[in-house]
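Residue-level listing of the chains:
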Amino acid sequence: MKTKLVFFFLFFFLLTGTTLTSFGQEGHETTEPFDASTFIMDHIADSHEWHLWTVKDQEGHDRHIALPLPVILYSKENGLDIFMSGKLAHGHSYKGYKLEEGVIIHENEESNSGEKTIPLDFSMTKSVVGLLFSCIIGLVLFLSLSRSYKKTGISHPKGIQSFLEPVILFVRDDIAIANIGKHKYEKYMPYLLTVFFFILINNLMGLVPFPPPFGANVTGNIAVTFVLAFFTFIITQFSANKNYWKHVFATPGVPLWLLPVMIPVELIGIISKPFALMIRLFANITAGHIIVLSLICLIFIFKSLLVAPVSILFVIFMDCLELLVAFLQAYVFTLLSALFISLAVQEEHH
Amino acid sequence: MILLANSLTSPAIGLVFWSVLIFGLFFFLLSKFAWKPILNAVKARDEMIKGSLEAAEIAREDMMRLQSDNEAILRKAREEREVILKDARDVRDKLIAEAKGKASEEAEKIVEKARIGIEGEKRKALAEIHDQVAILSVDIASKLLGEQLKKTGEQEKLIDNYLKEINFNKN
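Sequence order for the protein chains is A and B.
Here the first sequence is numbered in my numbering, starting from 3 and rising by one per residue.
Here the second sequence is numbered in my numbering, starting from 1274 and rising by one per residue.
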């Protein structure tokens, strides 16, 4: 908590320090207003480089200092291309590739027709790097935890165990057993625990604004939440029993002539459950980030340092709230996954 | 702006690919190397605690049962002791009574024997006396006949004297 706040202030002062001076100078030359939405979207959206800060060079131009990340592109015409994103920075083009509004496009140079194609982009973007680091942290944490269990055996929890075991037991007792039931929960425990801690670690890392492995908006990215929801969907469908499919294709108590209406409705229901999971996590985390960034933007919109204390207070409040949301959303996602699984494995009871 | 918002709500194929890869790997590694041992350890501990509690309960019940068993055994032993003592007393009494009976019987037998013996002896003695008396009386008579028989009273006195003499000599 303490370090998080320290990081936050660091981030804040970096922002104010760099951007305020730039605005002070820019004010004389151009009266370009501060575009808060672009600023916020830049922070929330995925990016091919990890932007650190912006400085002014002697000529008064913005210089973005960013960590270059690997770009991996594939297209049928050009094959596989791997290079660092630094080559595309500041609007440069490399091998015909160019960054346009965050999307890498390919311009055919030889034909000069100006024909633009969009290659398949498998770049290791900011989110991918954030994801990778969060998983490494998770692996280190839980592999060391499992090693400590081998050491302590069946004696009482010690050290890191006493911190993480209550959470694991909470997932087991209050999420898995409470929803799926005592007889079938064990099979789904690894997934529920993985998804819970994956979301939690990424949420918490997203809250820490600086330095690089932190601050990527991973769980607020729809591609990531889509994948998580997709995993839940796949696990639910593959563990579904006869009873579940009977409810979908021949809902008991529904007259036969209604089935042509009911079956599409049930199928939509199957899809909408993980869809809601995807949207819920994405929207909650993104909204939190947007609010925090908006509060910071207030300072630049008003162009006054006097707004800063108010902004900071609100941001601290929002950060505390976001900390709660980080746990809450991990809990809600896991709980609903368990609930959907339980609906799929439920035995018939009349 | 709209384009950016659009990119925010449409999943990028690259990130989907990396997410599946990284999350899948994370899921696999954790399930295999972390959750399995952790959950097993927690379960083993839970079961051990449950087993220990059950064992303690069983042990407590056993103790209780043993205690009541002990009491029952003690009571039984006490009862048995009473019975044995009573038996012993009876046997003793019987033995004493028997011994007494036997002894008196024996004594009676001895007395009887003695009496019979005495009787026999007496009869023998009497018979002998008889014989002696006869012989003596014959002797005396012959003696008296030899001396002169004057007075019957004197005669009788003489016989008595003789008899007394004989008796002393005999016994």
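I should point out that these hints are in silico values taken from the structure, not numbers from a laboratory.
As the structure is a prediction and not an experimental result, all values here were calculated from the model.
C-beta atoms are modelled at their ideal positions from N, C-alpha and C, and glycine is treated no differently.
Incorrect hints may appear among the rest.
[As the list claims (entries may be wrong)] Just so you have them, the derived chain B footprint on chain A, three or more residues with Cβ under 8 Å:
1. 90-101
2. 131-138
3. 165-178
4. 239-245
5. 304-314
6. 322-329
Verdict on chain B covering the region 322-329 of chain A, where coverage means 3 or more residues with a C-beta closer than 8 Å: violated (count 0)
Stated coverage of the region 90-101 of chain A by chain B [criterion: 3+ residues, CB within 8 Å]: With 0 residues in contact (Cβ-Cβ under 8 Å with chain B), the coverage given for the region 90-101 of chain A is violated.
Assertion that chain B covers the region 131-138 of chain A - criterion: three or more residues, beta-carbon distance below 8 Å: Coverage by chain B holds here, the residue count being 3 at a Cβ distance below 8 Å.
Stated coverage of the region 304-314 of chain A by chain B [criterion: 3+ residues, CB within 8 Å]: As far as the region 304-314 of chain A goes, the hint is violated, because 0 residues have Cβ atoms under 8 Å from chain B.
8 Å C-beta test of the region 239-245 of chain A against chain B, three or more residues: violated (count 0)
Claimed coverage, the region 165-178 of chain A by chain B - three or more beta carbons nearer than 8 Å: holds (count 4)
Consistency note: the structure conflicts with the earlier hints numbered 1, 4, 5 and 6.
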